[in-house]
Structures are given as structure tokens and as C-alpha cells.
Amino acid sequence: MRLPELKSEYIWAVMMIFFLIPAIHPIGLPFPMDPVTYEVYNIIESLPEGSIVVMGGGGVFAFDLESSAGMIAMIKQMARKGLRLVTCPVWTEAPQFHKYVIDAARVDKDKYGGPWEYGVDYVLLPYMPGGDMVVFDSFLKDVHATVSVDLAGTPIDELPLMQDLHDYHDIALWICPHWGFVSVIRIVAAQYGITCISPAQSTAYAFFSPFMEAYPGKVYMLNGYVGGAQYEALVGIKGLGHKVMDSYAFASTLIVLFIVLGNITMLSRMGGEEE
Amino acid sequence: MLTLAIFSMLLGDNKFFRWAEATYTATVIGHSVVTGLLTLKDRFYPLYTGQKPILIIPLILGITSLFVVWRRYAWVSTVAMALMIGVGTGISIRTLIATDVVGNVRAVISETAKVLEGSPATRLGYFIRIVFTICALLYFLFILVPKGGPGGKFFNYIATIGKYALIVYMGIAIGNTIQQFVGTATVAIDRLISTWLGLS
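One line per chain: the protein sequences are A and B, in this order. If you use this note's numbering, the first sequence corresponds to residues 1 to 275, in order. If you use this note's numbering, the second sequence corresponds to residues 1 to 200, in order.
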């Protein structure tokens, strides 16, 4: 029996349908929990109210979206706990990403009726040029010497939160939802001893996870959307992480199906050629 | 519209896709220009207000660095470039040695100790990591290695395992990259469905 030729357009169309199903109706397929995710959750949970957390680093917006699943859940947890957040973007697309995740977490008092007030509970700083590690070093030594205004152009001296943030002594935790986590490890964790967490992209996780062994108790990573879904489960939300996990499961099943189909086609053709 | 246009590439090259591609490229360039101008305003705010007159030095260096695009006067930019590279390297080199070299050696030692504790599966996992790390490192050792004889043969075996370790690593890296792209596509579809169509 000769199997018909399967055009790539058909494969993509079927794949798209399999993506759409869980995106419209998240199924909530089960996934394993990582002990590191529990540790990260407990670290944020144990911070005293009013602690300042920095969300800093740099990366490409499109790929950083993978980190957003975990980051949004973390922001929700921080807002609920009464923690404060300051951003430190070192790539040109990072300020927009920071704004996006805070907006997506719907924690702003004026916009969504959430618990956070801009300037008091969180501050968005503008892009800081000069190279990741140079900026981190300068930021941790003297925040006010490194940056003068926020993203909207307001002098940071006029923002109540920035009155409490002067140098690394005032930072309780650093979260990096970007590809460039290694620069954060090199300066923030290794040199200044601040605990660093990254809801990392899966590719970044593969590259930088050995640093968790190198700096135990100082460096933590969540693995891509899986880590994001795990964190969402701990915070008690079903967000992007859950949707993507369902899509992964569907797409993986489909890929296996196509591999089997492809092999059957190949074997059937080999038989035909021999005849 | 742009998301749909980009996805239309799956059906083959078309005008709709090319329009979205050009729009995206122009937006990225436009965004970079605007960010650059805003950064200039933000960074030199204390200079404009007279709080930090010393910022005139980085401003001059920044302007001189632009001469790099003008072949005849490109030499003007050398001081700014040298300073930038020098400071960057100076700050990163000490941390690179501490984290990437010493830190990773510490990680390997720590993982070696873990081969003796935990469940059999965990022990095996750490054992494979240690063996793969050492063999992959030895694969890149080209000097001070035995050539020929039993020693040379043994080293070749080690290097071959190292080569396989690198292939496994590349496979994992590609797998992760595909996973990342799948996730990015899902996010784009999710945005279309939830934000645009309001279906979930």
C-alpha cells in the first residue's frame, strides 16, 4: 500500500489546531513539581513585608515571554506579601518587558484596583546603557548615581520607594526574567552575595543551571514554561504556564505521531522500490 | 493582524507576510532610535539640571564614539572605545574567573560528592554528569596527551565519550530551543484568542 504525500502545509495546519484547543480550553494536564520551585516560593514567602526586590537584566522581548509565566506569578505573590519592586533593565527591550509583566499581573492600584501603587510599591526604571555587568556593579554600589529618572522621566528622588533604595544593602532579592542571567550571577550573586532567582527560558536553563551547584543557596532557576506552570500552581493561578504545558503535551503527541507516520511511509516506499 | 500575517508564512511566502516582516523590521529600528534618544535625555538629566557637571565627560566621549562611522575621522572614536572596552573587561574579568572558572570547578566537585548520596537514580544522574563533564573537557585537550600505545588508546576512548557528550548536549540545546519556539508560538496564539477574540 502506498501512503499519500503529506504536504508540510497540512502538517502545520494540524499542528495549529492542536495548539488552539488547549489555548481556548486549558485542560490542566498534570506535570511534576520541582523541589527548586518550592524553595523559590518559600524564599519570596519568607521575605519581610516592605523588602525591596529588584527585577533586572536584559533579553529579547519575544523570548523573554517564556519567563513571563513564572515572573507574573511571582509578582502576584510579591504584591500579596507587601513586597516592593524596582526594575533594572540593561537591554533596550527590557523596560517594555518589565512593564508588560507588571501589567499582566494586574497588581496596579490605579489600573486594576490591585495592592501596588506606582512610586510607593513599584518603580519602573529606564534602559541603562553601558553593558550588563558594568551597570549592575554601578547600580549595586550607588543606585542614585547610576540612574536619575524613572521610565516616565520623573526624577527618582521624588519617588518614595527610591528613598529607601540606595545600594546593595537595601536589596533583599534579585529576580532576572531574562536570557542574560549569567551576568547577574557574576556580579549580583558572586560579588555582592545577593540571592538571585531566574524564571528562566528553557534554553537559558540548560546553559546556566550548573551555577545552582556552584552557588548553592544563592542562585535559583525555574525551567521555562514548566517552571512557570509549577509556580502558578503554588501561587494558585492557571495562567500562561498551564496553557503552554497543555500545548506541549498535545504538540509532542502529534510530533510522535508524525514521526511514526513518516517512518511507515519510508518503510513502505523502501518495500516498493525493492519490488 | 501582524501576528496572523507572520503565521501566514506557514502557507508559503506571500505579500501579507512580507508586509508584516517589513513593518516588524521598521518597528525594531524605530524603537531602537527612540530608546537611544530617550536614554540620552534620561542619562544626562543631572547634567542638564546642573547637579552633575562631570557628566560632560561621558557625553563628549559618547559623541566622539559616533565618529566610528566616518572613515576619515574614525580615529577620534578610539579613546571612547578603548575606555568602554577597558572598563567592561576590567569589571568582567575578575568575576569571570571567580564564577565561570572557580565556580564551575566548585560545582563539579560538589556534584562528585553527590554521587554517593540520594536515590540510585539521582546518583546515576550525577555520575553521568561528572563523566560527561570530564570527558567533554578532555576532548578539547590537544597537548600533553599520550600519542599511541595503551595510553593513547585509552585517551581516545575518553575523547570519544567526550564527543558523544557534546552531541548529547547539542541535542538537548536544540530540543530546548524548539521548546522555546513552541512556547513563543503558543503565547502568540493565546494573545490572539484571549486579547483579540476574547475566547478564553
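No wet-lab data here; the hints were simulated from the structure. Beta carbons: idealized from backbone N, C-alpha and C, even for Gly. Honestly, I wouldn't trust all of these hints.
As the list claims (entries may be wrong) - Footprint (simulated), chain A over chain B, 3 or more residues, beta carbon under 8 Å:
# : segment
1 : 7-16
2 : 67-75
Claimed, not checked - Calculated pairs, DSS-like style, for lysine-lysine (alpha carbon to alpha carbon, straight line, at most 27 Å):
# : chain 1 : residue 1 : chain 2 : residue 2
3 : A       : 99        : B       : 114
4 : A       : 141       : B       : 41
5 : A       : 111       : A       : 238
6 : A       : 218       : B       : 114
Compare the distance between the alpha carbons of residue 218 of chain A and residue 114 of chain B with 27 Å, and conclude whether the hinted pair is satisfied.
At roughly 19 Å apart (the allowed maximum being 27 Å), residue 114 of chain B and residue 218 of chain A satisfy the hint.
For residue 111 of chain A and residue 238 of chain A, compute the direct alpha-carbon distance and say whether it is at most 27 Å.
Given that 27 Å is the threshold and the Cα spacing comes to 22 Å, the pair holds.
Within 8 Å of chain A's CB atoms, at least three CB atoms from the segment 7-16 of chain B: coverage verdict
holds (count 4)
Pair hint residue 141 of chain A and residue 41 of chain B, alpha-carbon separation not exceeding 27 Å:
23 Å, holds
Starting from residue 99 of chain A, check that the Cα of residue 114 of chain B is at most 27 Å away, please.
41 Å, violated
Check of the segment 67-75 of chain B against chain A for coverage (Cβ-Cβ below 8 Å, three residues minimum):
Since 0 is below three, the answer is violated.
Taken one by one, the earlier hints fail for this structure at numbers 2 and 3, listed in ascending order.
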